[in-house]
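Peer 1: What follows is the residue order along each chain.
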Amino acid sequence: MTRFPVLTVVAALLALWYIAVIPMNAQWEYDQANRAGRDLPFGEMVANTMAQERPVLPAPHQVVVELWNSTVVEEATGRRGLWRSGSLSNRSLIYHGLITLSATMLGFVIGTGGGILLAIGIVYNKAMDTSVMPWAIASQTIPIIALAPMIIVVLNSVGIAGLVPKAIIAAYLSFFPVVVGMVKGLRAPDAMQLDLMKTYSASGNDVFAKLRLPTSMPYLFASLKVGIAAALVGTIVGELPVQEGGLGVRLLSGSYYGQTIQIWAALFAAAILAAGLVGIVALIERRVLKRMGMAQ
Amino acid sequence: MSDVAVPPVVIEAQGLNLTFTTNDGPVHALKDINLSIHKGEFVSFIGPSGCGKTTFLRTIADLEQPTGGTLSVNGMSASEARKARAYGYVFQAAGLYPWRTIEGNVRLPLEIMGFSKADQAERAKRVLELVELSGFEKKFPWQLSGGMQQRASIARALAFDADILLMDEPFGALDEIVRDRLNEELLKLWARTQKTIGFVTHSIPEAVYLSTKIVVMSPRPGRITDIIDSPLPKERPLEIRDSPEFIAIAHRVREGLRAGYEEAGE
Amino acid sequence: MSDVAVPPVVIEAQGLNLTFTTNDGPVHALKDINLSIHKGEFVSFIGPSGCGKTTFLRTIADLEQPTGGTLSVNGMSASEARKARAYGYVFQAAGLYPWRTIEGNVRLPLEIMGFSKADQAERAKRVLELVELSGFEKKFPWQLSGGMQQRASIARALAFDADILLMDEPFGALDEIVRDRLNEELLKLWARTQKTIGFVTHSIPEAVYLSTKIVVMSPRPGRITDIIDSPLPKERPLEIRDSPEFIAIAHRVREGLRAGYEEAGE
Amino acid sequence: MLVAFVAELPRKGGLMGLIAPLIFGATILWAWECVVHALGVPRVILPAPSSIAARLATSTDTLWIDLVQTFGRGALSGYVIGCGSAFVFALVVDRYRFLRQGLLPVGNFLAALPIIGTAPIFVMWFGFDWPSKAAVVVAMVFFPMLVNTVQGLTATDSMQRDLMRTYSASWGQTLLRLRLPAAMPFVFNGLKICATLALIGAIVAEFFGSPTYGMGFRISTEVGRLQLDMVWAEIAVAALLGSAFYGVWALLERRVTFWHPSQRSR
Amino acid sequence: NDEVTLQLKWVTQAQFAGYYVALENGYYTEEGLDVTIRPGGPDIAPVQVLMGGGADVMVDWMPSALAAREQGAPVVNIAQPFVRSGMMLTCLAESGITSPEDFPGRTLGVWFFGNEYPFLSWMAHLGIPTEGGDDGVEVLRQGFNVDPLLQRQADCVSTMTYNEYWQVIDAGITPEQLVTFKYEDQGVATLEDGLYVLEDNLNDPAFVDRMARFVRASMRGWHWAEENPEEAAMIVLDNDETGAQTESHQIRMMGEVALLTQGSTGALDEEAYARTVATLLGGGSDPVITAEPTGAFTHVVTDAAMQ
Ligand SMILES: Nc1ncnc2c1ncn2[C@@H]1O[C@H](COP(=O)(O)OP(=O)(O)OP(=O)(O)O)[C@@H](O)[C@H]1O
Ligand SMILES: Nc1ncnc2c1ncn2[C@@H]1O[C@H](COP(=O)(O)OP(=O)(O)OP(=O)(O)O)[C@@H](O)[C@H]1O
Ligand SMILES: Cc1ncc(C[n+]2csc(CCO)c2C)c(N)n1
Ligand SMILES: [Mg+2]
Ligand SMILES: [Mg+2]
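Which chain is which? The protein sequence lines are A, B, C, D and E, in order.
If you read the first sequence in my numbering, its first letter stands for residue 1, the second for the next number, and so on.
If you read the second sequence in my numbering, its first letter stands for residue 297, the second for the next number, and so on.
If you read the third sequence in my numbering, its first letter stands for residue 563, the second for the next number, and so on.
If you read the fourth sequence in my numbering, its first letter stands for residue 829, the second for the next number, and so on.
If you read the fifth sequence in my numbering, its first letter stands for residue 1095, the second for the next number, and so on.
Source of the hints: derived by calculation from the structure; they are not laboratory data.
These figures come from a predicted structure and were not determined experimentally.
Please note that the accuracy of each hint is not assured.
Stated by the list, open to error - From the structure, some residues in chain E lie toward chain A, with a derived Cβ separation under 7 Å:
#: 1; residue: Pro1223
#: 2; residue: Gly1227
#: 3; residue: Gly1230
What the hints assert, rightly or not - Derived list of chain C stretches under chain D, where covered just means 3 residues or more per stretch with a C-beta under 8 Å from a C-beta of chain D:
#: 4; segment: 588–601
#: 5; segment: 623–629
#: 6; segment: 651–658
#: 7; segment: 666–678
What the hints assert, rightly or not - Quick list of in silico lysine-lysine cross-link-like pairs, BS3-like style, CA-CA up to 27 Å:
#: 8; chain 1: A; residue 1: Lys210; chain 2: B; residue 2: Lys434
#: 9; chain 1: A; residue 1: Lys210; chain 2: B; residue 2: Lys379
#: 10; chain 1: B; residue 1: Lys335; chain 2: A; residue 2: Lys198
#: 11; chain 1: C; residue 1: Lys593; chain 2: C; residue 2: Lys687
#: 12; chain 1: B; residue 1: Lys530; chain 2: A; residue 2: Lys198
#: 13; chain 1: A; residue 1: Lys198; chain 2: B; residue 2: Lys491
#: 14; chain 1: C; residue 1: Lys601; chain 2: C; residue 2: Lys750
Positions of the beta carbon are idealized from the N, C-alpha and C atoms, including for glycine.
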C-alpha cells in the first residue's frame, strides 16, 4: 500500500468516483421507475446507475470502455476505420487527437517563438520593459473563448482557415508563460556573472549566447511545460466553433447530444494528450539540462 | 625600495572618489584615493569589511565609475584598458558558469577573445595544470569542492595572459593548509610572469607574505590609511612568516587596521 | 588537566559512525569517534574541509542520525536532549528569517519555548547588547552587513540560555579585527555562564585561543586524529597569542592537520 | 511546479512605470481606430474603439448587472472557495508525506486537464445559475493554487528547518513561524494566477447555459445579434476587472512579502 | 467552374441534407459550380461570415436575418427551401402544463444567439413578460441539448421537431410523458432555414446567375433527399467531419426535415413572409424589428432558377 502512493491515491479516487455515481444517477432511475409506475429495489438501482446511457456521472469503466471503443475498436471494425478504409476514422479519438495535436504543436511553436522574441525585447529594451508587461498580463484576462469565434470568422474572411486560426489562439495562450519565464531566465545571471563578461569586454552577442541563454534554460523549460498545456487548451477553444474535427469538437458534440460518456472520453483523451506533451517536454528538459550539467 | 630603473607605472589613481547613491542617502565608498602601482608589483589591499576594497578593485577594472578624481591604467582610461582586455579578474566567489565544464569555463574568455581552437585547448591544459586541476577538465563545477572551484576560477583568469591580475579575496573560502599552498603557487606564478597583481584579503599574514606593497584601508568613508612597501625578498619560503621582519610588518598592518576601526568609532 | 573534582560528562560519543548513502555510493563522514566533553568545556573542532566537523556537531544536536556507536547527552539520547531544549545552535551561515526584524529573530526561540512577553523583550535586549547590535532591533536582516547578521544569529542562540552551545564556524564571514573582538566576548560569556561549547573553526589561532580542548579531525573517512587539552589559563588576553605555549599548541595543531592531509593523499 | 513562476508584474518605478504602458495602450487603440476607419471594416465584424467607448458609457446598467452576476456571484465565490480549499488541502497534503507523493502527480495530471471541457458537465450538475459558474472556477483555480502552496510550504531551506528542530518546535509552531511566512511568495503567485483564471472561468461556463444575464451570456448573445460594440464593451470590462483583481493581489503581495528579494528594489 | 461558399447555420446534419446531396450527387458540378459548404457551430454568426466575405450565401432563420438587416447588415433572402417551421416548446407532462396559460411562473429553456426572436415574439403575443416573476416566465439560456429538461432544471425547453425532440425521446421519455407546443400551431411560426446573400452582390448579373444555378441545384438536392431519406442521411454522415452524428438519428431527422421542405420550389412564399414580419413586428414593447423591412427578399434568383 504505502509503497505506491500514486496508485493508492488513484485507487481511492476511483472508489470515490464509483460511490458518487450512485447518488448522482439515482434520481433518473427513480424517475423512470416512477413514470413506469413500478418499484425499484436498491440493488437494481445501483446496478442500473453504473450502466446508464446518458448518466449524469458515468462510471469509470464506462469511460474506459468508451475510450477503447472510440479508438481501437473503431479503427479496427468501424465502417471508416483504419482497417477497412486505410485511413483513420473520423469517429475515432485518434483521428481527432491528431487534429488537435497538429494545431497544438503549430500554436506552441508560434507562441514559444513569439514569447522568446518578446522576452528578448523586454530584457534588452527599456521602453518595452516598462510598457509591454502589464499588457501581456491584461491580455490574459481577456476571455479568449469569447473572442475565438470572431477571430476565426475574421481570419476565414481573409482566407485563412483550417489549422492556422486554431493555432493562433493556441499561440495566444502559450506565449504568456514563455514571456514571463524567459524574462526571468534571461535576467537570471547574477551581477558577478555579468561583470565577468564585462572584464572580458565581451560583445552583446557573446553575453547573450554564452551567458543569458544558458542561464535561462531551466526557466525556459518550466515555461514550455505550462505553455504546451496552455496551447492545448487554446486549440480546444479554437475548435469549439469550427466543426471540423478535433477533441474540442468531440467535447462539444458530446454535449449537443447529451452524450455524457462521450464528453468524458474526449476530456480524458485531452488530459492524456496534455500529460503526454508535458511529459515529452520534461524528458527533453532532463536531457538538455543533463548535457548542460545543470541536473544532478 | 627597488634600487635601479623604477619600472613604469601601470595603475595611477589621483584624488579618486566614489559615492554610491542609495535609498538611505549617499555612501562615500572611496575618498581621495592616491596610489601608484608599478609594473610587476604585487599589491595587497586590506581593511575591515565595507572599507571599499572591492569597490576600488572594481573601479580599476571599469566595473564601477568613479565620481571624482582620475584613474589611468597603462596610460589609458580604465574603460579603454578593459576594452583592450588588460585585466584578469578573480571574484570573491568562484562564479563558474554551472553549465560549462571546468575546461569550458577556462575556455570561456578565450572563445570570447577569439583564440583559435588549438590555442584554446593548449592554454586551458596549461593553466589547469598550473592550479593542479588536470584530470578534472570534464567535470562540472558542482562536482568539485569549493577550493577546487576557486582554483578553476583562478585558472580562468590566468588563461588569456592579461597583464594585470585583480583578485578579490580569492582564497577566502579555503582552509589554512590549502591556502598556504595556493599562496606559494601564486607567488611562483607572479615571479615567473612578472604580472602586476592587485589582491584583496582579510588575512594579515597572507597580505604580508604575498605583497611587495600593502595598502591598508579604513571605512566610512573608505580611504587609504597606510601604504607599506615590503622589504621582504622576492623569494619567500613559508618559513619567512616566523622572521622578525615579517612579524614587524604584520604588526604595523594590524596597528593600521585597529587605528582605522577606532577612528570610525565602531 | 583539571586537578580536583572533574565536572560531569555532558557529551559522550563512543565508537560513533555515520555513513551517508549518496548516488555515488556511501560517504563515510564519521568513523569511530570517541570523545567525552565535560560540563563547562570549550571544545574546538578543526580540520580540512569535508572532514565531518559539521556532521559531528549536527549529530550531537540530533540533526543527523548516527549509523553506529552511541552518543549520550546529559545522560539522555541526543533526541531527548533536543526535546529538552538543551542546545543553542549557531549555523555556518546566519540563516535569519528575512520576514522578521532582528529583534523578532532573536525572540523566535523565546516565543516557541513559551517565554512571557516581558521576559522576551528583556532577554532580546540583553543579548543584542551583548553582540553590540543595540539600535538595530527594528531593522530587517537584509538591511545589515554579513557580520552583523552573524552576530544577530549568535544572539538568537544565546537568548534562551541553553546549557550547550554548538557553533559552526560562526565567525567565518568576519574580518580579523571584529573576529578578535567577538572571540574575546565569547570567552567572557563562556567564563560567566559556564556553558559547554562546541565550536567549529578553520582558523588555528582561533581554535587555540578559545578552547580548553582542541579536536583535530581528518577526512575520508572523517575521524579524530588528535585531541589536545589546552594548558592555557581561563583568563586569556589577546596577547596570549604571542606566548610560547600558544605557539606550541598551534604548532601541534598545524602538524596534526598536515598529517591528516598527507595521509588522505590530497 | 509549472505554473509557479507565472505572473510577475514588473516592479515599476513611480509615475514613469504607469505612463509608459498607458502610452503603449493608447497607441494600440489609436491604431485600431485608424485601421477600422481606413479599411472600412464592417461594424458587425470589428467595431471602432470609439463606438465601444460610447457603448460602455450608455450601457452601464446592463454591464453592471452582468458584472455582479459573473464576477460577484460566479467568479468571486468560486475564487474564494477554490483558493481557500486548495490552501487548506495543501496544509493537509503537506502534513502527510504519503499524500504529497500520491496526490501531487495526480494533481498535476488533473491540472493539465482542459477545464473548459468540464464546463458543460458542471452546468449539467449544478444548474444554470451562478453555482455552476463557481464550480467551474473552483475547478480552474484549485490545482494552480494547491501546487503553488505545496511548493511554497517546501520553500524553506534545510538550515531554517534545522533551526526549528534545535528548538524542538512543534509542527504547528514550525508552520506558523517558518513555513507559512516562507510560503507567502508562492501563495501570492498562486493567488495572482488564479485571479486571471477566475473571471475567464466564470465567463466560459456561461457559454454552456445561463440565466439571461451575465458577461458570458451577454457576449455570446450579442454576437448573435451583431451588437459587436456591446460584445467588446463586455470584453473591455472583463479585461479591466481581471487586471484590477490581479493588481489588488500584486499590491497585497508587495505589502506581505516585502522581505522577499523579488520585492526589494532591483 | 464558378466558386460558391455556403455558410450553414449549424453543424453538419440532415437539417442541411439538400446541400450535401447536391454536392455529392454532382448537381452543383453539373451547373458549373464549385461549392464549398462551411458548417456552422455555436457562436458562429453566419451574417458575420457573410459580411466578412467568408461566404457568398448563408442559411439563416428569417427573424435573425431581418434583425441583422435592421442592424445595418444588408442581407436579402433569395430562396426559401423550408416552408414550415420546425420549432416547438417541449414540456414534461408531469409539470402540469397543458396550455400556454400555464406558462407564468415556469422556467423555460430558450436558445439565444439570434434564435430567441421567435420565442420572444410568441411571449409578446401572449402578453407574458420574460423577466421572471409570478406572472412572467423565467428564461434560461439553454445550451445545445435537452439536459435542462431531463435534469428538470426547466419545465420546458426549446426543441426542433427534427432534432432535440428526439433526443428527449431517446433519453427514455415517452411521447405521452411530454406536452409539445409547435410554433406553427400557435400561429407564431416564422420562416426558418432560408438562403441569404448580401444586397450589393445582387446588382451583379453574374452573381445572380451563379446563385440561380446554386439554388436550382440545391433544390434538386432537396427533392432527391426527400425521396431518398436514408441515402441522404448517409451522405450527410459522410460529410460530417466531427464523426459525432449517428446513422439512426440522421435518418430520422431527414424524415422530419422532409416534412418541412415538402412542396417548396425554392421561391419565397410572400404570404409566409408577411406572416413572419407581422409576428416579429408585433412584439409588444420590445419588438424584434421596429419597422416593416423593405427589399429584404427578392425573387430574381428563384425566377432565374426556375426558367
Ligand atoms: N552597488 C552598491 N551600491 C551602494 N553601496 C555600495 C555598493 N557596493 C558597495 N557599496 C557600499 O560601499 C562600501 C564599500 O563596499 P565594498 O564592497 O567595496 O567593501 P569591501 O571592503 O570589499 O568589504 P568586504 O570586505 O566586506 O568585501 C560599503 O559600505 C558598501 O555598503
Ligand atoms: N547530507 C549529506 N549527504 C551526503 N553526504 C554528505 C551530507 N552532508 C555531508 N556529507 C559529506 O560528509 C562529509 C563531511 O561533511 P561535513 O559537512 O561534515 O564537513 P565539514 O568538516 O563541516 O566541512 P567544511 O569545513 O567544508 O564545512 C563530506 O564529504 C560531505 O560531502
Ligand atoms: C449558438 C446557437 N444556439 C442555438 C441555435 C439554435 N438552433 C438552430 S438550428 C439548431 C439545431 C437544431 O437541431 C439549433 C440548436 C443555433 N443555431 N445556434
Ligand atoms: Mg569585498
Ligand atoms: Mg562545515
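Peer 1: Enumerate the violated hints, using their earlier numbering and listing them in ascending order.
Peer 2: Per hint list: 1, 2, 3, 4, 11 and 12 violated.
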